[in-house]
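Spelled out from the first residue to the last, the chains are:
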Amino acid sequence: MRTSELKRLGQDRAGRSKALAAAFADVALDEGLLDVGYGFADSPFGALLVAVTRRGLVRLQYPGRDVGEELEELAARLSPRVLESSRATGEVRRELDEYFAGDRRIFDVPVDLSLTTGFTRAVLAATARIPFGSTSTYRAVAEAAGSPRASRAAGNALGSNPVPIVVPCHRVVHTGGGLGGYTGGLERKVALLRLEGAAV
Amino acid sequence: MKHGSATSRTRPPFQAFLEEHRSIVYRFLRASVGGERADDAFQETFLAALRAYPSLEDGRNLRGWVLTIATRKAIDAGRAGRRRALTVPDVAAVGDANGQVGGESEVFDADDPVWRAVASLPPRQRAAIVHRYVLDRSYAEIAGAMASTEAAARANVHQGLRKLKEVVRHEDE
Numbered sequence: 010m011r012t013s014e015l016k017r018l019g020q021d022r023a024g025r026s027k028a029l030a031a032a033f034a035d036v037a038l039d040e041g042l043l044d045v046g047y048g049f050a051d052s053p054f055g056a057l058l059v060a061v062t063r064r065g066l067v068r069l070q071y072p073g074r075d076v077g078e079e080l081e082e083l084a085a086r087l088s089p090r091v092l093e094s095s096r097a098t099g100e101v102r103r104e105l106d107e108y109f110a111g112d113r114r115i116f117d118v119p120v121d122l123s124l125t126t127g128f129t130r131a132v133l134a135a136t137a138r139i140p141f142g143s144t145s146t147y148r149a150v151a152e153a154a155g156s157p158r159a160s161r162a163a164g165n166a167l168g169s170n171p172v173p174i175v176v177p178c179h180r181v182v183h184t185g186g187g188l189g190g191y192t193g194g195l196e197r198k199v200a201l202l203r204l205e206g207a208a209v
Numbered sequence: 017m018k019h020g021s022a023t024s025r026t027r028p029p030f031q032a033f034l035e036e037h038r039s040i041v042y043r044f045l046r047a048s049v050g051g052e053r054a055d056d057a058f059q060e061t062f063l064a065a066l067r068a069y070p071s072l073e074d075g076r077n078l079r080g081w082v083l084t085i086a087t088r089k090a091i092d093a094g095r096a097g098r099r100r101a102l103t104v105p106d107v108a109a110v111g112d113a114n115g116q117v118g119g120e121s122e123v124f125d126a127d128d129p130v131w132r133a134v135a136s137l138p139p140r141q142r143a144a145i146v147h148r149y150v151l152d153r154s155y156a157e158i159a160g161a162m163a164s165t166e167a168a169a170r171a172n173v174h175q176g177l178r179k180l181k182e183v184v185r186h187e188d189e
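Listed in order, the protein sequences are those of chains D and U.
Each residue of the first sequence is one higher than the one before, counting from 10 in this note's numbering.
Each residue of the second sequence is one higher than the one before, counting from 17 in this note's numbering.
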């Protein structure tokens, strides 16, 4: 027998390791070892990267940024136990589908704001209470966050919103009626407000 | 954001780690424990890796690290499965070879004389042989994977090889 005959014992045929790797996220989830599960949700803007922890939706990223970079950042800031999981992200993907189809006005999926701190978190918590189809102002969310004069800081906080759409920072505009900025670009802000039937 | 001390512990998202090493881990296990048990051993290997991943101190040689875990799983599985492999009925395997098609996921190892010879080896020799001749790894790397010395790794390979040749010769008679 030649040692070269041993080689064929170790073949990775018909994408076997790929199939096993694809099934692994469920194994990890069942073992309670999945800290960050991610997936992609369809949207009118393209595929949205969504990431969830045990606490809820922690990140929603518009297309444009490199996915690998985004995942590395999540690994560094949250936990390196990051796996693609259709099961862990199933609820948020379904709710986003319904929202874009016009069949959902309120997201039921819990949100995990652990990528934010302090004032930003308070501003996002206030923003989360703005109802579907209506708008509020930078000044009002600053006030609700406990700093009535910090509307510029509130704008910055909203610009760093890790979970746009679900925490509806698109519903925050200027007191004078100007649209202000948006983390995903102004066209997307307008598109979301139109989708909700808000006056733009 | 955590900085400073965190930099030495920076490691890729587990998904990237899994994608990068899944094939070599599967190939190692497939050759070490056989097609029937390789799937379970694969998931066990990556579960053990996932469990330890956040606290892993040195992330520089992740491939070596995961193959060390796989080696431990293979040796454990080998100890449990060796008896069974040895009691596989001695069928004439040659006649079946041309009728063997499809069945991508299930490979009938029991009919493969080379696999039967490998399966008859003690688990440590078997693992060493697979590292050396299936994955082409160096003795230093094998020693690392088996938590032994280079000399011991060399001895495992040589003893395994001798036994392998005896078994095959015996079957040919």
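These aren't lab readings, by the way, just hints derived from the structure by calculation.
A portion of the hints provided could be inaccurate.
[As the list claims (entries may be wrong)] Listed next, with one range per pair, are the computed distances between beta-carbon atoms: (1) D:Ser95 with U:Lys181: 40 to 50 Å; (2) U:Glu35 with D:Arg103: 22 to 32 Å; (3) U:Ser164 with D:Asp51: 50 to 60 Å; (4) D:Asp35 with U:Glu182: 36 to 46 Å; (5) D:Asp51 with U:Val184: 51 to 61 Å; (6) U:Asp152 with D:Gly77: 28 to 38 Å; (7) U:Asp56 with D:Arg96: 12 to 22 Å; (8) D:Met10 with U:Ala168: 16 to 26 Å.
Idealized CB from N, CA, C, for every residue including glycine.
Hint-by-hint comparison with the structure:
no.	hint	result
1	D:Ser95 with U:Lys181: 40 to 50 Å	holds (48 Å)
2	U:Glu35 with D:Arg103: 22 to 32 Å	holds (26 Å)
3	U:Ser164 with D:Asp51: 50 to 60 Å	holds (52 Å)
4	D:Asp35 with U:Glu182: 36 to 46 Å	holds (44 Å)
5	D:Asp51 with U:Val184: 51 to 61 Å	holds (56 Å)
6	U:Asp152 with D:Gly77: 28 to 38 Å	holds (29 Å)
7	U:Asp56 with D:Arg96: 12 to 22 Å	holds (20 Å)
8	D:Met10 with U:Ala168: 16 to 26 Å	holds (24 Å)
In summary, the structure agrees with every hint in the numbered list given earlier.
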